[in-house]
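Per the numbering used here, the sequence shown starts with residue 967, numbered consecutively.
To be clear, the hints were calculated from the coordinates, so they are not data collected in a lab.
In this text the structure is predicted, and so the values were computed from the model without any measurement.
Please note that a few of the clues may not be correct.
Once the Cα atoms are required to be at most 25 Å apart in a straight line, the calculated DSS-like pairs of lysine-lysine come out as [unchecked claim]:
| no. | residue 1 | residue 2 |
| --- | --- | --- |
| 1 | 1042 | 1100 |
| 2 | 1026 | 1086 |
| 3 | 1026 | 1094 |
| 4 | 1026 | 1070 |
| 5 | 1026 | 1042 |
| 6 | 1042 | 1123 |
| 7 | 1026 | 1123 |
| 8 | 1100 | 1026 |
| 9 | 1100 | 1123 |
| 10 | 1100 | 1086 |
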Amino acid sequence: MDIDFEREVSQNAVLGSAALWAATNQYCEDIDTDRGVPIAHLFLVIPLVFHRQSAETIYKLQMTAGSFYRAMTDEKTITVGLQRRLQNHSRNTFEALNLAFASKLLILDQEELEVIPGRKSLPFTYPKHATDAKNIVAAGKRVGNWLAVTEFPVLCKLLRIRF
967 MDIDFEREVS QNAVLGSAAL WAATNQYCED IDTDRGVPIA HLFLVIPLVF HRQSAETIYK
1027 LQMTAGSFYR AMTDEKTITV GLQRRLQNHS RNTFEALNLA FASKLLILDQ EELEVIPGRK
1087 SLPFTYPKHA TDAKNIVAAG KRVGNWLAVT EFPVLCKLLR IRF
């Protein structure tokens, strides 16, 4: 585990909100309805993409029907400690969601408790040398794809997590 990476990204609500936006935007594109991402599903994003080994594996994947299963087969470290990371990053997820809602990056449907993108693109770009940040956002996009094409109970079972 890369402690410096974990510490640096976990304290970055802007990066977290960008990853959540990428996941939400991809989810909404893939399901092709007016429905948003159930807010509870977004709590998977940051624990996956703020873990360097997981993010490096996930962002490289193509968004195909089998990419989630391929990731689970090829990179066993994705699930190692994920339940603990899920619990430890809940505050980071809340902070990132708060920032995303305040900046209109994401919009919450309070009746359905679903989240939709408030913008078609991020309002900023990362510098060329910010490869870790770009990879995290790209990984968030792929996690959004997984959330859209895989039933949530199946995701939870394969990721070995409980809500």
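Tested hints:
{"no.": "1", "hint": "1042 - 1100", "result": "holds, 23 Å"}
{"no.": "2", "hint": "1026 - 1086", "result": "holds, 23 Å"}
{"no.": "3", "hint": "1026 - 1094", "result": "holds, 18 Å"}
{"no.": "4", "hint": "1026 - 1070", "result": "violated, 29 Å"}
{"no.": "5", "hint": "1026 - 1042", "result": "holds, 16 Å"}
{"no.": "6", "hint": "1042 - 1123", "result": "holds, 14 Å"}
{"no.": "7", "hint": "1026 - 1123", "result": "holds, 23 Å"}
{"no.": "8", "hint": "1100 - 1026", "result": "holds, 12 Å"}
{"no.": "9", "hint": "1100 - 1123", "result": "violated, 28 Å"}
{"no.": "10", "hint": "1100 - 1086", "result": "holds, 17 Å"}
Hints 4, 9 from the list above are not met by this structure, while the remaining hints are.
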